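Peer 1: One-letter residues, chain by chain:
2 protein chains.
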Amino acid sequence: MARRHLEIDIPALGAIDRGQGGLGRQLADALRSAITKGELKAGERLPSTRVLADSLSLSRGTVTGAYEQLIAEGCLDAKAGSSTCVASGLRESAIAVRGLPGKPASPMPSLPASASRYGAIADRLTQLPSVPFSVAVPEGEVAMDEHWRRLGNRVRASQAAAPSGYADPQGLLALREAIADYLRRARAVRCGPENIIITEGTQQGLYLSSKVLLAPGDVAWAEDPAYPGLISVLEDRGARVHRVPVDTQGLDLASAIAACPDAKAAFVTPSHQYPMGMPLSMPRRLALLEWARRHGSWIVEDDYDSELRYAGQPFPAMQGLDSDRVVYLGTFSKVLAPSLRLGYAVVPERLTKAFAGARALMGRGSPSAEQHVIAAYMKEGYFETHIRRIRGIYAERRQVLMDTLRSELPELRIQPADQGMHIVAWLPEGLNDVAITSAAANTGIALRALSPMCSGNPQLSGLMLGFGGFSAGQLQDAVKRLHRVLNEFTHRTRR
Amino acid sequence: MARRHLEIDIPALGAIDRGQGGLGRQLADALRSAITKGELKAGERLPSTRVLADSLSLSRGTVTGAYEQLIAEGCLDAKAGSSTCVASGLRESAIAVRGLPGKPASPMPSLPASASRYGAIADRLTQLPSVPFSVAVPEGEVAMDEHWRRLGNRVRASQAAAPSGYADPQGLLALREAIADYLRRARAVRCGPENIIITEGTQQGLYLSSKVLLAPGDVAWAEDPAYPGLISVLEDRGARVHRVPVDTQGLDLASAIAACPDAKAAFVTPSHQYPMGMPLSMPRRLALLEWARRHGSWIVEDDYDSELRYAGQPFPAMQGLDSDRVVYLGTFSKVLAPSLRLGYAVVPERLTKAFAGARALMGRGSPSAEQHVIAAYMKEGYFETHIRRIRGIYAERRQVLMDTLRSELPELRIQPADQGMHIVAWLPEGLNDVAITSAAANTGIALRALSPMCSGNPQLSGLMLGFGGFSAGQLQDAVKRLHRVLNEFTHRTRR
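Order-wise, the sequence lines are chains A and B.
Residues 1 to 495 (the numbering used here) are what the first sequence spells out, left to right.
Residues 1 to 495 (the numbering used here) are what the second sequence spells out, left to right.
Think of the hints as simulated: they come from the structure by calculation, not from any bench.
It is possible that part of the hints are untrue.
[To be verified] Here are a few chain A residues that face chain B, going by a calculated C-beta distance under 8 Å: (1) ALA30; (2) MET108; (3) SER110; (4) TYR118; (5) PRO138; (6) ALA143; (7) ALA160; (8) ALA162; (9) ALA186; (10) LEU286; (11) LEU361; (12) VAL400.
[As the list claims (entries may be wrong)] What follows is a list of derived Cβ distance ranges for each label pair: (13) B:GLY217 to A:GLU411: 49 to 59 Å; (14) B:PRO410 to A:ALA113: 49 to 59 Å; (15) A:CYS260 to B:GLU380: 55 to 65 Å.
[Unchecked claim] Some chain B residues judged to face chain A by a derived CB distance under 10 Å, without partners named: (16) ARG25; (17) ALA28; (18) ARG124; (19) TYR166; (20) ALA337; (21) PRO452.
This structure is a prediction, so every number in the text was calculated from the model and none was measured.
Idealized CB from N, CA, C, for every residue including glycine.
Can you make the complete structure from the sequences, with help from the hints?
Peer 2: Shown next, in the form of structure tokens:
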């Protein structure tokens, strides 16, 4: 059908497409667009609904509906009688604003200062691809088994775990009960469900702790080296960060007390120093607690992979020695999967409401369905069975990686440790860990360099090598690739 | 069996329970506890492993293992020859700390100032029980149907959605694609998947926006009344909040520009003012955008329940008019369920990395499985079908509530609005909405008072009445209960 001649001159109306349906909406959109662009001027009179309906071969009801919509929006005015005009006030407010002092309108607002700061954090916390030696890839043999999936389907089908309304930002009570039971038994943590806040994992536990325990300008101790996500959190809080070196017994407490005794909180990894791996010795633990008592300070105990210990028994948690001063952080990312984004903070009862409030402020709490699933998984005993199973597999893989490194790359010094999902290998002098990490990315292996985790003095050059998600063959192959990368750098350095 | 006489005097060892298993661990725990409590002193010599094993009827290997554990922890020292002593350095560090200046050890650290602030936020953001007139209770007829559950099981069983490693903090690409498609069509939002950040819902969208767009001390506009979670977010950021009154056309822009033109950002609810319900008129929208252009300011458009419109067509999103200056926030809480904790922010491309970094800092991103499920639910068309279905049900329930209120409680003035999951009812003069809300809680109905959402000048007294999750019968019954509560207050006021 040939397009009809329009009695009125509104070019935007030519865009109406009868094949698309929603003609009333198309008409309203076209008129609105013509008005906001100034093609139709304030006060200009529109054709009657009958005339426009005829022109466009639309029903009169369609046109009336579009006019009413635009009248409701304030784009059109219905005058006495039946005529309809473009609203006279429409651009007046905008014009009034133009008359005000201020810079001329700019095509783009300036970027806030935070944009580059948070952009840098995005880089710092980027996930690695799922290739060796990335940490925490629960695939294949170490993935949760069929029980997890079947139990999940069953739990989600129940009324309790079906999609529902807002819930307690502290987290699901059944899950908090299961976690409290587990932590009392496995980690000697003194707690009940009332002490537990469900988090999105350790990162969120650190974020919440810094928010509740610190004010901007407060001093916080962090280990050197430390988890980069912690340093980002403390800097974001506006805390003054005092980096405390570590030695074979963990955090060098004497140096921290000598240099900076008045910290408001100490953020520590006592069971397995991140990333080095040594536990904090018992004398240091007692001294750290004594310092906290004297100075009215808090201790944040990040116990991120204590479940995965391959020799001896784990130290009990520091929280069990003084549950009034210690905030204890745990995560399901290491023993179940990072994609669940679930972990927990155990906090003194006087702080639970503050932690719950801070959690609510950031997003009202974690989704509920998966909390029900993990609670059931723990209660029915699958959780601890799963941990025992993967601990055995991880121990074997770790041994394969250590043996292969020792035979293929004897020049690397392996940091002694008997826990966790990664090992630390120190590079021979002169090799830059960041450069090697970049080069390795192109050969299909994923490394984390240690030097960015250090404050810079003394500079360490080493690599974090995760082994958890990979078979013996994958690990052996990856060590060969690492060998080639290192060879290239060694030759380059010698030349 | 009678307890054997112990050759050595360590009372804690009496607590070892042979019925419990884990004897090596029990022994280590008992010795450690005796040492940390001072029952065993530094330098004190322990019995040989043979003697202790005999005394306690344990195998020698068990005792050796416990000693080795405690030596590793630094609690015991192995001397030359075979004797083992309590480590001499054990309490020295603690004692050294005691010698330092500082307050005497206190039984409890002082509460941080934030504790009461976040405690108050916990109260402000408390969820209501699932009874009328709570908002957003997706139960019964309005719950997601069997498709949701079956699709969920199918999607989670696939390799892609199985538990896995860390992921992009910006969110799952497939979900961001589905959301971008939907928003372009349904809300005229100009975006691609690269502009979208998956959030935990509107609360997190507001939190992220304030973190990225504002620095402490910056001025932000918020409507008056406004969503309490927004005010908490802005105060937490350290922003200076300028409250802008609303009238029948929404935000009173002229007053805001006259009183406080230099705001860094305006937080607005253009499609359905929270909690009043009027849309922001087109002239005001254009003027708001013009103001933002002149002042280099950002607009945060909270479009929290735009899908639920019962008359006419919705205004298109403001974001579509200037996607360089507007951060658009949406949520799945209203149309699917709050317990999913999923929503989205649409941000100018220059800000996506900053938003992703801020999201990573707070917890590394949302869990992945449910993102896969929603992506599939949207792609397969169930999402829009579900919205159409619940919109019809909500429209009926809303009508029931309005009719019942008009006949039973004609003294309440109902705020005109044609969108959303709640209606606003103004109380007759002299009735205090907070007191009525408290009293109503004891009669099995849940209300939100409006006055706490206002800056206080002028004071409004009214109630938010959610209708979404309740049948006609439940709503009618709840209005009767409300009637009784109001009657009591009216009589009390008259006396």
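Peer 1: Work down the list of hints and note, for each, if the structure agrees.
Peer 2: Evaluated hints:
1. ALA30: Since chain B brings no Cβ nearer than about 12 Å to A:ALA30, farther than 8 Å, the hint is violated.
2. MET108: holds, 6 Å
3. SER110: Status holds, d = 5 Å.
4. TYR118: holds, 4 Å
5. PRO138: holds, 6 Å
6. ALA143: holds, 7 Å
7. ALA160: Result: violated, 11 Å to nearest chain B Cβ.
8. ALA162: holds, 7 Å
9. ALA186: violated, 11 Å
10. LEU286: holds, 5 Å
11. LEU361: With Cβ-Cβ at 5 Å, under 8 Å, it holds.
12. VAL400: Violated. Min distance 20 Å.
13. B:GLY217 to A:GLU411: 49 to 59 Å: The hinted range 49 to 59 Å holds for B:GLY217 and A:GLU411, with Cβ atoms some 53 Å apart.
14. B:PRO410 to A:ALA113: 49 to 59 Å: Holds: the Cβ-Cβ distance is about 55 Å, inside 49 to 59 Å.
15. A:CYS260 to B:GLU380: 55 to 65 Å: Because 58 Å falls inside the window, the suggested range holds.
16. ARG25: holds, 6 Å
17. ALA28: holds, 7 Å
18. ARG124: holds, 8 Å
19. TYR166: holds, 4 Å
20. ALA337: holds, 3 Å
21. PRO452: violated, 16 Å
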